[in-house]
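K.L.:
In case you want the letters, here they are:
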Amino acid sequence: MKTKIGMFVAVVAASGMALTGCSGSSSSSGSPKAGSATLRVGSTAISTLNYDKSNAGYALGLGDLVLEPLLVLNSNNSLTPWLARSWTHPKPTTYIYNIRQGVKFADGDPLTAADVVFSLDYYRKTGSANQYNFPSDLKSITATDPNTVQITLSKPDSSWAVVPAASQLGIFEKRFFEAHKSTFGQPGTGVSGTGPWQLTSLDPTTGAELTANPHYWGGQPPFSHISWKFFTSETDEALAFRAGDIDLAFPQDNTAFATTAGTKLLTVPGATVVGTFEMNVLDKPWSDVHVRRAVAYALDKPALINAYGGYAAPQTTLITSAMLGTVGSQAQVQQVLGAVPPYSYNLAKAKAEMQQSAYPNGVTATLVTDSTSADVNISQAIVAELQRIGIHAKLKTVSPDALTTVSLGKNRAAVPSGFSTYGAVSLDPGEGFDYAMGSWNATAGNWNSTNWSTPAVDQIVKEGLATSDAAQRMSLYRQLLIDYANAAPLIPIFASETTVALSSKYTWPSFSSTWQLKAPWALGIKAAG
Amino acid sequence: MSERGTLILTLIGRRLIALVALVVIVSLGVFSLLYLAPGNAVDVLLGHRPRTPATVRALTDQYHLNKPFLDQYWIWLEHAARLNFGSSTQTSLPVSEEIRSRLPTSLFLGVYAFILVVVIGVGVGALAAMRRGGLLDRLVVGVSVVSVSTPSFVAGVVLLYVFAVRLGWFPVFGAGSGFAGTLAHLTLPAVTLAAAGTAFVVKHTRAAFLGVLDQDHVVFAKARGLSATRIFFAYLLRNAVIPIVTISGVMLSSLIVGAVLVEVTFSVQGLGQLLVQSANAKDIPMLQCISLLIAVVILVANLLADIVYLLVDPRIVLGRR
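Respectively, the protein sequence lines represent chains A and B. Sequential numbering from 1 applies to the first sequence in the working numbering. Sequential numbering from 1001 applies to the second sequence in the working numbering.
These are calculated hints, taken from the structure and not from any lab test. Honestly, I wouldn't trust all of these hints.
[To be verified] Here are the simulated DSS-like cross-link-like pairs (lysine-lysine), alpha carbons at most 30 Å apart as the crow flies:
1) B/Lys1067 x A/Lys410
2) A/Lys301 x A/Lys351
3) A/Lys139 x A/Lys91
4) A/Lys125 x B/Lys1067
5) A/Lys505 x A/Lys264
6) A/Lys284 x A/Lys301
7) B/Lys1067 x A/Lys181
8) A/Lys301 x A/Lys181
9) A/Lys264 x A/Lys526
Kindly generate the complete structure, drawing on both the sequences and the hints.
P.N.:
Have a look at this one:
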């Protein structure tokens, strides 16, 4: 699929690994030192912090500093208490969260279970742009007392465990919302959260200002002030970074940003954004499994990564090792990955597969990509690589909107094949890419662009979410990855690295691919030296 | 009231009537083109996030996308007549507020660039004409060709890198606040925006001055011993500036609403960028309002040009001979 789903990185929820209730610690990770410094951040414009209307607020990291979730991830990517000091899972369909005492909103009002219930119900209401975060079997969210929230599901669903750690489901104050219903989240009103910083001003044409929350439950934040500037293009942002006008930015086009800014980006292995070559199995020649396997052998992944612009590592499975690692141990992860056919670059094997296909003398095909330059570059490289095995592909570029329209269209045979990036909506291996798997997603309005699935795969996807047993889940996902590799409807090419441009004045020791899920992220930034 | 004053008022009255008709035609045209274009606002709004049928239905109902074309247009027109242009589908903020927050920047930038165009363009063009064939004239023509050939985003990035990043003489981004702050922030963008227009005005001014310099009345004024300053302002400029006034209306409106490349280069949030972003996002409420605003700006700018025309040249009685 040609759509770029990198935005999902910003909405990744935590794994369901540590589902046992934990007794809460009373403070955030580390004790942030008091500071008078101002951190200056750059991004594209944010118009509202009402997550019902727009995801830019949390996707770009601003909202994370103001609105906090019930849980976060620790350094091992396990669920850990945050606004909830502990939680229990007494029945397969029930989760109970005990709200941390002494937490206050920026206006001094205490956080209660009613605020949590109100916020989550707001995010999941019909028509909300955030509704997709909640499993369809969520039955109710209730406050059983002022400090306890109960989640009831209509049937067991392990994907719920990670939902309270989603950065896009930050808890806001009910009273504040009711007093500002029509302008909630907008410039001039903002939001009221429990985060280490409060929103002082928001102007979509210039930027936002945040000041330290005097009532923050985790102690004094490291910066008294965060000045957030909005840029219309990454070139401007990079030039501002170069001129020393901003200290931190999260680039989209890493190569261009690093070059223009004259800086070396801080990079870490990615966990949730995978670039793939996908083939619509309802369309020829991709309906032939030997053609698909030939493609798998023919793609030189390091070369394709170079064509893409770098900042990525070769990938052999759609579900990443980091995602599997939230369910099983590293040894178990290696065992699972070891069982999956790797399809190492081998032109001889590729040609042999073509000989077994219905097109031993070659075939023509059309690939479609969106007009993003990195996607076009890698697509052209893919065309050249397919040429070597007799697949004469013509590349067509369309606007991202046009690509989305045809990819979600009713005519599933018309869904284009080509390069696409997939972004996981969760670190959970079952939830992460489940929007693109299963026969029910090979329908109009949904994202299984290969249109491939089998009854066995459908069953695995369902079973994987219905159980919390780690060993059972690892076994299921092992089989899922083997089935995907054998059928090869999509060929994983790379996993994108996670990057940040950070001024030499600061260090960020805890920066990782899940930076948005590990507490309000700016708490982890320290002065260098 | 003088005849000229009556003429001006009549001109304004006729143009206001034309404005109303133009606004309706433009709004219908924009609405039709958006309706025919592929894709829809819900797909753009939800982007690549997973979507539930309930979300798609709710958004479709909210933006009336399931209604027939004329019904959608009528709903919009009813609200627009009450100056309620709805909310942006991209940002959820009221359209009028989004435009209001950007209009001052676009106006400042456009007028600043226009002043540069007129002062430098007319001044340099006149100088080149009076030094016809000389080194200055050839230099001016050469620089004009380079200016008009250089894309604004290229010129902008070069100016930004040299004067803002390397030398630090100007801010790197944004529109600033307060008059002095805005002036400092918008100088490089205004220079970039004015470059091509200045070259154009230089060329036309030079040609206009060359046409007037050899006229009998100028020769006679020189023979009578009038000062060079008086000859320049009273005889040369007043006659040569008429074609400049003609194009100034179009130029002013394009500088105000058409500066998208410069706005992107210098990270200035103006109307040009808002227009392009709204078109990409099929943000119908925003596009409709900006289109109407553009129509108003063009009409007002051309009206001002015609009024200046009347004031500059007493021979012109517009529509009457």
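K.L.:
Hint by hint, where does the structure go against what was stated? Just the numbers, ascending.
P.N.:
Number 8 - this is the single hint that the structure violates.
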